[in-house]
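Enquirer: One-letter residues, chain by chain:
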Amino acid sequence: MSLASAIRTRDLNELPSRRDEDWRWSDLKAVIRVMPDPSPAAYTAAANPALDGIDAARILYINGRLVDGGRIAIPATGKGAFVRRFVSATAETAHHVDAPVEVGAGGRLLLIDSFEGQAAGYLASTTGAIRLDEGAVVERIVLIDEPEDAVSVARFEVQLSEGASFSQTVLATGAKRQRFETHVAHPGGASVRLDGAYLLGGARHSDQTTVLNHEGLAGLSSQLVKGVVADRARAVFQGKIIVAKGADGTDARMGSHAILLSDRAEVDAKPELEIYADDVQCAHGNTVGALDDAALFYARSRGIPELQAKAMLTAAFVGEVVVRIGDDAAREMARAWVEVKLAGLV
Amino acid sequence: MLSIQNLHVSVGGKSILKGLSLDLPQGEVHAIMGPNGAGKSTLSYTLAGRAGYEVTEGSATLDGQDLLSLSPDERAAKGVFLSFQYPLEIPGVPALTFIRTALNAKRKAKGRDEIAAPEFLKLARAAATGLKMDFEMLRRGLNVGFSGGEKKRMEILQAVMLSPSLLILDETDSGLDIDALRIVSEGVNNLRSPDRSMLVITHYQRLLDHIKPDKVHVLAAGRIVASGGPELALELEREGYDKYGVKEAA
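Just so you know, the protein sequences line up as chains A and B, in that order.
The numbering used here puts the first residue of the first sequence at 1, with every later residue one more than the last.
The numbering used here puts the first residue of the second sequence at 1001, with every later residue one more than the last.
Just so you know, the hints here were simulated from the structure itself, not pulled from any lab data.
Any given hint might turn out to be false.
Pair ranges (Cβ atoms, derived) [stated by the list, open to error]:
1. 68(A) / 1130(B): 56 to 64 Å
2. 1237(B) / 272(A): 56 to 64 Å
3. 328(A) / 1147(B): 26 to 34 Å
4. 70(A) / 1126(B): 25 to 33 Å
5. 1130(B) / 217(A): 51 to 59 Å
6. 76(A) / 1132(B): 30 to 38 Å
Every value quoted in this text rests on a predicted model; they were computed, and no experiment measured them.
Ideal Cβ placement from N, Cα and C applies to all residues, glycine included.
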């Protein structure tokens, strides 16, 4: 059951619905009544200036087909930087693509994955395995920028080896239904950062779901997901951390924090810790609230007009996710992206 | 000149200020002293325009212009500055960014261009030096992790940068040790000027050893019940607020 299999078989019964516990807040069956035609081949996509500041090789997928560049495979001790664009370019059609990544032992990768909707009402499914061999280091920034009538699901499976480091920041503005899943197999002795931010307005929906499996000794993980939800938009965060029997010395931290800018905005957050080992440190915190009135008054009392003060405070709130990005150029790109998206919400 | 006439203010339906009148001429420093619950913070928040402070009667004008109908940021643009008793922490907004945003908003309200970055940094450095603050602190999130004394210095630093015509100091001495009190008071004294008025709101006399007021007013049960020279503060220190019908908890 997945959007990928529904697209492949053209069978609506393959769609996950609210009857599936993991999909209760992101029902696909309710919003997909007819399976659209497969997306046609397309070879041109509008430029995305948000990515201009990144000095990296380009890979382009359009409508689920690789049209420029190749698969990412960094050899042992190699180094690479890629901007990978997944463009949906044809309205009312459906497509699926699998886009794997391999990084050899000691290799380093900066990966910007940009999901871009350049047409209305499409269904897009993306999957990929991301394999990090011993000591590999990956920093991944995901930008998801889609129209409000699109449906998209992405699911990535991250497999780490000993001594590897995987850091991810997912920035999303939602769609009719938009889900980004990250599953991490953590062998211990490695480190993982799984961050995210969502900036939602209108009737948009965004779901960030993560499953982090600590399977070995002394694994580190840290997760910070923050978001701003306006109008009637709805954010979903499901973060599951599993610490297997024997995975002692695990240190896992998760924080999920949201600001609601309207009475009709909604956040559904489900942090889950399943701990089967004895000697572990796990912490999670979850908050949902309005913008702090006292801070807003403080800023206004210094002469900063209300809208500007709100924009400043929300940008600072989400900024705590952005500042955790290690690569300078990627961080600056993310900061600018968030600023533009927030300007439309506050 | 700040002129407050017969001000009545309710908070959450409860009447706090009950006919407060006060004139603060330009260039003067007036202290308002009063026991806990007299309405000191209500007065400062009302003048700054905080939501929830409902004016049911009376007026407050600055240089003849009505303050009470203005938003907090419009009041700031007219020259009002409240130094908070409990300054807020704003994670993710460096103090320098916050102050530059405020300064530029004020300049914009006056039809002036934004301040150039080098000029701004020069002013900020000078202000920090004057208050014996490490300039690097200004690059951190505003007030985040600051001690009580550092927060109060940051308030005065903002006042220096924003150069208000009416400076309201709400319990600026609370939480300060002797050294911090001296530094903050020096900062305030350096702000004294013929075109700036100050309202020093305090429970204790000790702040007034450092910041000498032109006049002292006693606020009790929502009204000014006595006014006099600096000697009134000493008398209050000696005799307490008993004679104004107030019993203070020890």
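Enquirer: Give a verdict on every hint.
Expert: Hints, one by one, checked against the model:
1. At roughly 59 Å, the beta carbons of residue 68(A) and residue 1130(B) sit within the given window of 56 to 64 Å.
2. One distance hint, 56 to 64 Å for the beta-carbon pair residue 1237(B) and residue 272(A), holds here, with the actual separation near 60 Å.
3. For the hinted restraint 26 to 34 Å between residue 328(A) and residue 1147(B), the CB-CB distance of approximately 32 Å keeps it satisfied.
4. Against the hinted window of 25 to 33 Å, the Cβ-Cβ separation of residue 70(A) and residue 1126(B) comes to about 57 Å, which falls outside the hint.
5. Against the hinted window of 51 to 59 Å, the Cβ-Cβ separation of residue 1130(B) and residue 217(A) comes to about 55 Å, which satisfies the hint.
6. In this structure, residue 76(A) and residue 1132(B) break the distance hint of 30 to 38 Å, their C-beta atoms being roughly 55 Å apart.
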